[in-house]
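Visitor: These protein sequence lines are chains A and B, in that order. Residue 37 in this note's numbering sits at position 37 of the first sequence, with consecutive numbering throughout. Each number in this note's numbering comes from the position in the second sequence (counting from 1) with 586 added on.
Hints listed in this document are in silico derivations from the structure and should not be mistaken for laboratory results. Treat the hints with care, as some may be off.
Stated by the list, open to error - In the SDA-like style, the derived pairs of lysine to any residue whose C-alpha atoms are separated by at most 25 Å in a straight line are:
{"#": "1", "chain 1": "B", "residue 1": "Lys-831", "chain 2": "A", "residue 2": "Leu-176"}
{"#": "2", "chain 1": "A", "residue 1": "Lys-177", "chain 2": "B", "residue 2": "Val-833"}
{"#": "3", "chain 1": "A", "residue 1": "Lys-526", "chain 2": "B", "residue 2": "Ile-832"}
{"#": "4", "chain 1": "B", "residue 1": "Lys-917", "chain 2": "B", "residue 2": "Leu-902"}
{"#": "5", "chain 1": "B", "residue 1": "Lys-618", "chain 2": "B", "residue 2": "Ser-797"}
{"#": "6", "chain 1": "B", "residue 1": "Lys-737", "chain 2": "A", "residue 2": "Lys-400"}
{"#": "7", "chain 1": "A", "residue 1": "Lys-564", "chain 2": "B", "residue 2": "Ile-798"}
{"#": "8", "chain 1": "B", "residue 1": "Lys-732", "chain 2": "A", "residue 2": "Leu-567"}
{"#": "9", "chain 1": "B", "residue 1": "Lys-631", "chain 2": "A", "residue 2": "Lys-498"}
{"#": "10", "chain 1": "B", "residue 1": "Lys-831", "chain 2": "A", "residue 2": "Thr-288"}
{"#": "11", "chain 1": "B", "residue 1": "Lys-709", "chain 2": "A", "residue 2": "Leu-562"}
{"#": "12", "chain 1": "B", "residue 1": "Lys-917", "chain 2": "A", "residue 2": "Asp-561"}
{"#": "13", "chain 1": "A", "residue 1": "Lys-400", "chain 2": "A", "residue 2": "Ala-505"}
{"#": "14", "chain 1": "B", "residue 1": "Lys-618", "chain 2": "A", "residue 2": "Asp-30"}
{"#": "15", "chain 1": "A", "residue 1": "Lys-564", "chain 2": "B", "residue 2": "Ile-646"}
{"#": "16", "chain 1": "B", "residue 1": "Lys-791", "chain 2": "A", "residue 2": "Phe-559"}
{"#": "17", "chain 1": "B", "residue 1": "Lys-831", "chain 2": "A", "residue 2": "Pro-290"}
{"#": "18", "chain 1": "B", "residue 1": "Lys-909", "chain 2": "A", "residue 2": "Lys-400"}
{"#": "19", "chain 1": "A", "residue 1": "Lys-177", "chain 2": "B", "residue 2": "Asn-830"}
{"#": "20", "chain 1": "A", "residue 1": "Lys-526", "chain 2": "B", "residue 2": "Ile-798"}
{"#": "21", "chain 1": "B", "residue 1": "Lys-618", "chain 2": "A", "residue 2": "Thr-288"}
{"#": "22", "chain 1": "B", "residue 1": "Lys-910", "chain 2": "A", "residue 2": "Leu-567"}
{"#": "23", "chain 1": "A", "residue 1": "Lys-498", "chain 2": "A", "residue 2": "Asp-30"}
{"#": "24", "chain 1": "B", "residue 1": "Lys-831", "chain 2": "A", "residue 2": "Trp-178"}
{"#": "25", "chain 1": "B", "residue 1": "Lys-737", "chain 2": "A", "residue 2": "Leu-562"}
{"#": "26", "chain 1": "B", "residue 1": "Lys-910", "chain 2": "A", "residue 2": "Thr-555"}
Said to hold, decoys possible - Partial list, computed: chain B residues near chain A (C-beta under 7 Å):
{"#": "27", "residue": "Lys-698"}
{"#": "28", "residue": "Asn-842"}
{"#": "29", "residue": "Gly-845"}
{"#": "30", "residue": "Trp-894"}
{"#": "31", "residue": "Ile-898"}
Note that CB positions come from ideal geometry on N, CA and C, so glycine has one too.
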Amino acid sequence: MALSLSNFLFAAALLPSLGGLARAATRNYDFNITWVTANPDGAKERPTIGINNQWPIPPITADVGDRVLVNVNNQLGNQSTSLHFHGLYMNGTTEMDGVVGVTQCSIAPGQSFLYNFTVDQPGTYWYHSHERGQYPDGLRGPLIVNDPKSPFKDDYDEEVVLTFSDWYHDQMPPLLKWFISYANPTGAEPVPDAALVNDTQNLTVSVEPGKTYFFRMINIGAFAGQYIWFEGHTMKVIEVDGIYTEPYETDMIYMGAAQRYGVLISMKNSTDANFPFVMSMDETLFDTVPDTLNPNATGWLVYDSKKDMPQAALLDDFAPLDDSLLVPHDHEKIFDHVDYSFNLDLTMDNLGDGANYAFFNGITYVPPKVPTLYSVLTTGPNATNPAIYGRNSHAFVLEKGQVVEIVLNNDDTGKHPFHLHGHAFQVAYRSTENVGNYNGSVPLIQTPMRRDTLVIIWLFHCHIEWHVASGLIATMIEAPLDIQKTISIPPEHYDTCKAKNIPTAGNAAGNTKNFLDLSGENISVKPLPAGFTARGIVALVFSCISAFLGLAAITWYGFGDLGKNELAAAQRRIREGGISLQDDNH
Amino acid sequence: MVNVFAVPIFFICFRECLETSIIVSVLLAFLKQTLGPEQDKTTYKRLVKQVWWGTALGLIICLCIGAGMIGAFYGFGKDHFANTEDIWEGTFGIIASLIISAMGAALLRVSKLQDKWRVKLAKALESKEVKKAGSGHRIKRWAALKRWAEKYAMFMLPFVTVLREGLEAIVFIGGVGLGLPATAFPIPVITGLMAGAAVGYLIYKGGNFASIQVFLIVSTCFLYLVAAGLFSKAIWYFQNNNWNKIVGGDAAEVGNGPGSYDIRQSVWHVNCCGPEINGGGGWGVFNALFGWQNSATYGSVISYNIYWIVIIVCFLAMRYNEKKGHWPFLKPKKNLDVEECDDAASGSRAETVEVDVEKKDHAADRATSTNVRTIEG
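Using the sequences plus the hints, can you model the full thing?
Guide: Printed below as a string of structure tokens:
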């Protein structure tokens, strides 16, 4: 996953400037973050993070151009939190992006934090906690930006939001503790316990015959990719991750964690039967599949609630839409040049504590002492030097308006959905599995699909919450000197840091005098010792010495003559055996 | 090549056979040298028979278990045996290590006797008659157990060794063999066993050439190296069992790299040459002979060193006892006269027949001898 501090890398010029600002409203949300007890799959009650003592949490809805105010009050008591608005570009309001350790300090229990931003992009988004590993405990919900000027607004009658999620019976803190520990050296991600649609199972969606519905579908899960299909109905994809596409018909889609699809589905003209729709978790991501796991969750398009809810047919194999076939509705061409290109090579490996970590170019992410945005604002001209952001922030400094090409080589065996904050990216090429690293010689798609979260099997990553925890993150710092001029941080943001004694100025180590002195910065665990360390050599030498001394003792004993006692004992033993001592050899 | 000769299988058979054949050949050479066919044919033949019976019986039992295991594997589709593999490897390893340690000292001591005493001793071991079994119930039982162990030692050692090595070979081959065609088995199995047996034969022949004392010292040294390795490996296996439980599966499945070992226990680790992967190839031979591990733990290193320290202390004490007539730190007893051994021997019996080298055995002996003195006093 890549985090951007400023905005407009690829998409800036492409979003039509939105008129109708006169209609702009302000949407106020007061969110008290609280613990509630929930049991969405009917299998286990568990503490869940809700809002205003409710779970599932409410959607945030707005029209294009609206100002959104989300006043967060953390009443969890035992955990810090934050909110990230996934997919919003946050142009000019980077400080509202909600990423702990990058754009803010986490909101301590009892603290409040006001998110204040303008939404100027239509589409299907979601919001979730961006505190380490927290959102799968419940703090994630849809964020819908309605578009009065949608090119498809006349093509449907009603709109339905469907969230799809994996679900764990255990809370994230213990799961994370196990996940990144010596006891899990292969980095096997915890396998979900259930699949949920709209945070429940056996969901019924009442539909009317002959109407067309706009389904906004969001994968708000922590880990699992999901296959989704509606029996007897065809989906017409018109939006992915907030970008309108040319309509494309398909029977099945695959959504990686954090991805969204907007599809139109026309209902049948009769009410003779109800139809199941299914989400099926991608089990190839799971290290082991427990016998007890039901990877599917079924819902129904209900034409007539008095009729049966038929069981969904089981499929032998999945044939989802290849999303690289989608064409953006605005037909934006591939950028004709690239200003800056770099590789991110993804690997998984173990460090010295025996736990498994994820790496880009050999660097696993560790949040800096000072949130990166605050370092940008307080380091003057040094802000353009990636070094000041710390080794494990893995910072790339970009210039404003640059066309950047990121080549992501996935040397891991799994699939990873990569997400870039603040931008949508053109997906110019995605290889099939196991074809080796990108070599620059393949033909690129001329009107490439754009999205903000992308499942890459070979080239790219990451919105698997486990991998965020294990460090699969790099930081993109765009136009830092412009940020210094345009952004001012509300004082209450700094109060959040003060409550936790987190420094808000200086380089990654909090050094405000010498920005290149990073002593004391947060760094990753040391690598595993290779082969023999001093300890091993000492042990081996001692073992050899004791073996040789032992052999010497045996040899010395072997050459010594037999004492009187031994002879007497042998003689006695012989007598006991009834053998005469006297008449030997005669 | 791979279709007719699977290299890992060759090494597995070689290493397992090597350890067995070393022990069998040392025992046979020992018997030939000490008793010899020309000195006492019946006793010699009986003891040689014991060695071969032990070998054969061990082989038959492990073949039966192996057949059952493979049957169970294909029957239930699950490797039940593998779950407890580390436990029995560890247990057998400790037992074998203790037996070898006890036998080694006994062999070395016997070699010091003049030929005539040796032959008589061998006959005495064979004899059913037992005179002067000592006084006190506990001593009787202890002495009976000891006699039994002495009598069948030549059977027990090869039996336990073959059983352990054979089961190990079956588990390893079972693990490696799943992906191989059936044609890849016969040649490496036969050549591996032959190579191991050949080394054993050379040792046996070498024993006939060297002087008995030199041969026995060298071969005893070798036996103790094996025993030290076994002891260390046994501890390693117990720890590995714990680690497998922690990671919830066979850690060796991830290869030699990170995750195959518990970082908290690691003293050294090299990402290769692990004896658990396909038997370890050439490194497996070092594992079989000296207990080499690519991933040493505190347990395996400390137990290895402790083993040697105990062995050194025991041999020093035995030598002290030979020279002074009593154990270190114990009150000296009245000097024994060999000619008058008839009467004098009973007083020191419990100590001087002592052949075990483990500390606890000494402790038991001390208790026994105290007991004897009290009764006599």
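Visitor: Hint by hint, note whether the structure agrees.
Guide: Each hint tested on the structure:
1. B:Lys-831 <-> A:Leu-176: Status holds; Cα separation ~19 Å.
2. A:Lys-177 <-> B:Val-833: 14 Å, holds
3. A:Lys-526 <-> B:Ile-832: 23 Å, holds
4. B:Lys-917 <-> B:Leu-902: Given that 25 Å is the threshold and the Cα spacing comes to 17 Å, the pair holds.
5. B:Lys-618 <-> B:Ser-797: 12 Å, holds
6. B:Lys-737 <-> A:Lys-400: 91 Å, violated
7. A:Lys-564 <-> B:Ile-798: Holds, at roughly 21 Å.
8. B:Lys-732 <-> A:Leu-567: Holds, at about 18 Å.
9. B:Lys-631 <-> A:Lys-498: The given pair, whose Cα atoms are some 89 Å apart, is violated under the 25 Å limit.
10. B:Lys-831 <-> A:Thr-288: At roughly 16 Å apart (the allowed maximum being 25 Å), A:Thr-288 and B:Lys-831 satisfy the hint.
11. B:Lys-709 <-> A:Leu-562: 20 Å, holds
12. B:Lys-917 <-> A:Asp-561: 23 Å, holds
13. A:Lys-400 <-> A:Ala-505: Holds: A:Lys-400 and A:Ala-505 sit about 23 Å apart, inside 25 Å.
14. B:Lys-618 <-> A:Asp-30: Violated, at about 95 Å.
15. A:Lys-564 <-> B:Ile-646: Given that 25 Å is the threshold and the Cα spacing comes to 44 Å, the pair is violated.
16. B:Lys-791 <-> A:Phe-559: 22 Å, holds
17. B:Lys-831 <-> A:Pro-290: Distance of about 17 Å is within 25 Å: holds.
18. B:Lys-909 <-> A:Lys-400: Violated: B:Lys-909 and A:Lys-400 sit about 92 Å apart, past 25 Å.
19. A:Lys-177 <-> B:Asn-830: 19 Å, holds
20. A:Lys-526 <-> B:Ile-798: Violated. A:Lys-526 to B:Ile-798 sits at ~56 Å, over the 25 Å cutoff.
21. B:Lys-618 <-> A:Thr-288: 58 Å, violated
22. B:Lys-910 <-> A:Leu-567: Holds, at about 13 Å.
23. A:Lys-498 <-> A:Asp-30: Between A:Lys-498 and A:Asp-30 the Cα gap is close to 23 Å, so the pair holds against 25 Å.
24. B:Lys-831 <-> A:Trp-178: 14 Å, holds
25. B:Lys-737 <-> A:Leu-562: Since the Cα atoms of B:Lys-737 and A:Leu-562 sit roughly 22 Å apart, the hinted pair holds (cutoff 25 Å).
26. B:Lys-910 <-> A:Thr-555: 19 Å, holds
27. Lys-698: 4 Å, holds
28. Asn-842: Violated, because the Cβ-Cβ distance from B:Asn-842 to chain A comes to roughly 12 Å (cut-off 7 Å).
29. Gly-845: Holds - the Cβ of B:Gly-845 comes within 7 Å of chain A, reaching about 3 Å at its closest.
30. Trp-894: 4 Å, holds
31. Ile-898: 4 Å, holds
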